[in-house]
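*Asks:* Read top to bottom, the protein sequences are chains A and B.
Those letters in the first sequence? Residues 8 to 353, by the working numbering.
Those letters in the second sequence? Residues 8 to 353, by the working numbering.
Calculated from the structure, these hints are not laboratory results.
Treat the hints with caution; some may be incorrect.
To give an idea of the chain B side of the interface with chain A (calculated C-beta under 8 Å), a few residues [claimed, not checked]:
id: 1; residue: GLU31
id: 2; residue: PRO199
id: 3; residue: ALA208
id: 4; residue: SER214
id: 5; residue: ILE216
id: 6; residue: TYR228
id: 7; residue: VAL313
id: 8; residue: LEU349
id: 9; residue: SER352
Restricting the straight-line Cα-Cα distance to at most 25 Å, the calculated cross-link-like pairs of lysine to any residue (SDA-like) are [as the list claims (entries may be wrong)]:
id: 10; chain 1: A; residue 1: LYS345; chain 2: A; residue 2: ALA247
id: 11; chain 1: A; residue 1: LYS265; chain 2: B; residue 2: LYS30
id: 12; chain 1: A; residue 1: LYS285; chain 2: B; residue 2: GLY233
id: 13; chain 1: A; residue 1: LYS133; chain 2: A; residue 2: ALA13
id: 14; chain 1: A; residue 1: LYS30; chain 2: B; residue 2: GLY306
id: 15; chain 1: B; residue 1: LYS298; chain 2: A; residue 2: MET29
id: 16; chain 1: B; residue 1: LYS265; chain 2: A; residue 2: LYS30
id: 17; chain 1: B; residue 1: LYS265; chain 2: A; residue 2: ASP311
id: 18; chain 1: A; residue 1: LYS26; chain 2: B; residue 2: ARG304
id: 19; chain 1: B; residue 1: LYS26; chain 2: B; residue 2: ILE139
id: 20; chain 1: B; residue 1: LYS30; chain 2: A; residue 2: ARG288
Where a beta carbon is used, it is the ideal one built from N, C-alpha and C, also for glycine.
Letter by letter, the chains look like this.
2 protein chains.
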Amino acid sequence: MVKTIAWRENQVVMIDQRKLPMKERYVVCKDYRSVIRAIQDLVIRGAPAIGVAAAMGVALGALKIRASRTDRFRARFDAICREMVAARPTAANLAWAVERMKQVADQTSHRGPEEVKLRLVEEAQKILEEDIAINRAMGRHGHRLLKDGNRVLTHCNAGALATGGYGTALGVVRAAVEAGKRIEVLSDETRPFLQGARLTAWEMKASGIPVTVITDNSAGYFMQNGRVDAVIVGADRSAANGDVANKIGTYMVAVLAKAHKIPFYVAAPMSTIDASIKTGREIPIEQRDEKEVTHLRGGRTVPDGVGAENPAFDMTPHRYVSAIITEKGVLTPPFKPKIRRLFTSA
Amino acid sequence: MVKTIAWRENQVVMIDQRKLPMKERYVVCKDYRSVIRAIQDLVIRGAPAIGVAAAMGVALGALKIRASRTDRFRARFDAICREMVAARPTAANLAWAVERMKQVADQTSHRGPEEVKLRLVEEAQKILEEDIAINRAMGRHGHRLLKDGNRVLTHCNAGALATGGYGTALGVVRAAVEAGKRIEVLSDETRPFLQGARLTAWEMKASGIPVTVITDNSAGYFMQNGRVDAVIVGADRSAANGDVANKIGTYMVAVLAKAHKIPFYVAAPMSTIDASIKTGREIPIEQRDEKEVTHLRGGRTVPDGVGAENPAFDMTPHRYVSAIITEKGVLTPPFKPKIRRLFTSA
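Start from the sequences and build out the full structure, keeping to the hints where you can.
*Replies:* Set out below in structure tokens:
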């Protein structure tokens, strides 16, 4: 399988997700600022993948710091971390990964900058490897929710390309297929960036899992016509009460699923759960450039002088969520006490 | 205002809605088959506009029939009518307009083919003029549902371009603005054909009514954030019980509106109400070429070997509809007896 992101000879290599599936191109980042740009420009996207990229990005930044004194190194490193965390506001994994890198710097600072750099590079790669293991654990727990013959609707791409590999929501689908179940995927195309039409379709095709693309606005039609048995989506950030921020349109799918009594599952690794916030209303929703909506393949579709709004995420209240799949197991409502327990037992 | 469709020297001229707003081009139809093609290829779309086009199309077909005997003329004319009705399956107006043309042929057949042809050409133009008058009547009745300062979400294009002129859903908005109310329009872009992004945005801009384009999947976000006071959409066909078939995604908007307690209004001229069918389940839903979903501006976005489904319409059960706006007045639930009365008193 194509790798989403890799550390190669002190460079970060990412498959360019803006160009898939039409072209398989790679972006090579030689410094942390180009990693930030890659995150902002959607070369790489998906909360877990952004977390890995952020970790690798600050490791790359650390490597280039010329400071023999620990305090000077640390001041510069902290500044890099702050820049990295600010790259995109919604996904919890950016802050989570950078925090983890800072802890490594804390723990090894007594050995001096050069040693810290080595440990940071190691840690970034460890975050990548762990992410894949976490996805596989989510798959093991989550696939029990799916039955042989199920038709699963997903929104956006919460697959190998959104993570270190394997995927969160699509990891659950993969695990069900590996367990011998026949699963068909309906993939919302997911405007404006078309992660569903481009990335989910590409991944599922490559893995031999049947997939059909539909427009976002037809999800209700397929539910109404008995064509959807379950919905599984990923998460960019969840609150302590189980409210979930995810790609714009997730909330629409959740409301439709409830109206049709179809289970709505969220595959959310613990790195996406922000237990420091009480409800989803506190999650910042990124507003992206209107051009992503008004232009297609470089040309305008919306008339000159008419604007667009482009919220990149939305928030689904926990009452719409049937279960949250984590690497520690499947949580069912009420989520609040179970999420609390998850973090205190961790 | 640009004309959607016009009869000019025994030709039918339509603005090419596939190219708006990027280019203002016209398609000239010289025979009925090119009118059918224009309807199928979405040069012209919108139930009332399709009705006008169908009427003009069969008039064009009639003009070209070389038969002096009435029975031969009529056999050929009926064949043309059958072909026209089959052009697209969902909108009620195709069959409605063709039926009206056949009645004119019935009533004038004793005068011979040449006289029938003249009357058919007259009738087609009358249908166009009446359509505009009907839209204005709908606006007069419907605008009372909107208050000064309302933000109105609409889906697809139920405007001047979808009708003879003025519009059904957007006609209600126009009438509210003409009555001095400040109305802002949120326009779902409406994949895959982007009628909202291209046509509704273009029309509203041209009329000086503030309009913002959003992706279809963000309608829920804007409702959740208190940004939508009312929804108004058009209709392609309604059943006797008030179930409404309209552009794919309408059902999604209706379910979201109900979840947010936002009124959901359907602007449906009587020509779109098919009182011969009991419920929306009987309305045929057109399935269009998957290429409309898998390709953008001529290039694939969905990977090779992955298919798409492209239902062009969906059906909204009447329980989601707050009111149906017709040229005879505004109907509120229960719709069934009120629709029956509308047709018996007509």
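*Asks:* Each hint: holds or not?
*Replies:* Each hint tested on the structure:
1. With a least beta-carbon distance of about 11 Å to chain A, the hint placing GLU31/B at the interface is violated under the 8 Å criterion.
2. The interface hint given for PRO199/B is met, as the beta carbon of that residue sits about 6 Å from the closest beta carbon of chain A, less than 8 Å.
3. Given hint, ALA208/B at the interface with chain A, holds; its Cβ is 4 Å from that chain's nearest Cβ, closer than 8 Å.
4. A cut of 8 Å between beta carbons decides the hint on SER214/B: the least distance to chain A is about 12 Å, and the hint is violated.
5. With 8 Å as the threshold, the beta carbon of ILE216/B stays out of range of chain A, its nearest partner Cβ sitting at about 11 Å, so the hint is violated.
6. Because the beta carbon of TYR228/B sits about 4 Å from the nearest beta carbon in chain A, less than 8 Å, this interface hint is met.
7. Against a cut-off of 8 Å between C-beta atoms, the interface hint on VAL313/B holds, since the closest Cβ of chain A lies about 4 Å away.
8. Taking 8 Å as the C-beta contact cut-off toward chain A, the hint placing LEU349/B at the interface is violated, the least distance being around 27 Å.
9. The restraint placing SER352/B at the interface with chain A is violated, with a minimum CB-CB distance near 33 Å, outside the 8 Å limit.
10. Of the supplied pair hints, the one linking LYS345/A and ALA247/A holds, its CA atoms being roughly 9 Å apart against a limit of 25 Å.
11. A C-alpha spacing of about 42 Å is found between LYS265/A and LYS30/B, which places the hinted pair above 25 Å, so the restraint is violated.
12. For the proposed pair LYS285/A and GLY233/B, the alpha carbon gap of about 21 Å is at most 25 Å, so the pair holds.
13. With a C-alpha separation of about 11 Å, the suggested pair LYS133/A and ALA13/A falls inside the 25 Å cut-off, and the hint holds.
14. For the suggested pair LYS30/A and GLY306/B, the alpha carbons sit about 12 Å apart, so the restraint of at most 25 Å is met.
15. Restraint check for LYS298/B and MET29/A: the C-alpha separation of about 16 Å stays at or below 25 Å, so the hint holds.
16. Among the hinted pairs, LYS265/B with LYS30/A is inconsistent with the structure: their alpha-carbon atoms are about 42 Å apart, more than 25 Å.
17. In summary, the hint linking LYS265/B to ASP311/A is not supported, as the alpha carbons are separated by about 33 Å, beyond the 25 Å threshold.
18. With a C-alpha separation of about 15 Å, the suggested pairing of LYS26/A with ARG304/B holds against the 25 Å cut-off.
19. Between LYS26/B and ILE139/B, the direct Cα distance comes to roughly 23 Å. Compliance with the 25 Å bound is thereby established for this hinted pair.
20. Straight-line distance between C-alpha atoms of LYS30/B and ARG288/A comes to about 43 Å, which puts the hinted pair past the 25 Å bound.
Consistency note: the structure conflicts with the earlier hints numbered 1, 4, 5, 8, 9, 11, 16, 17, 20.
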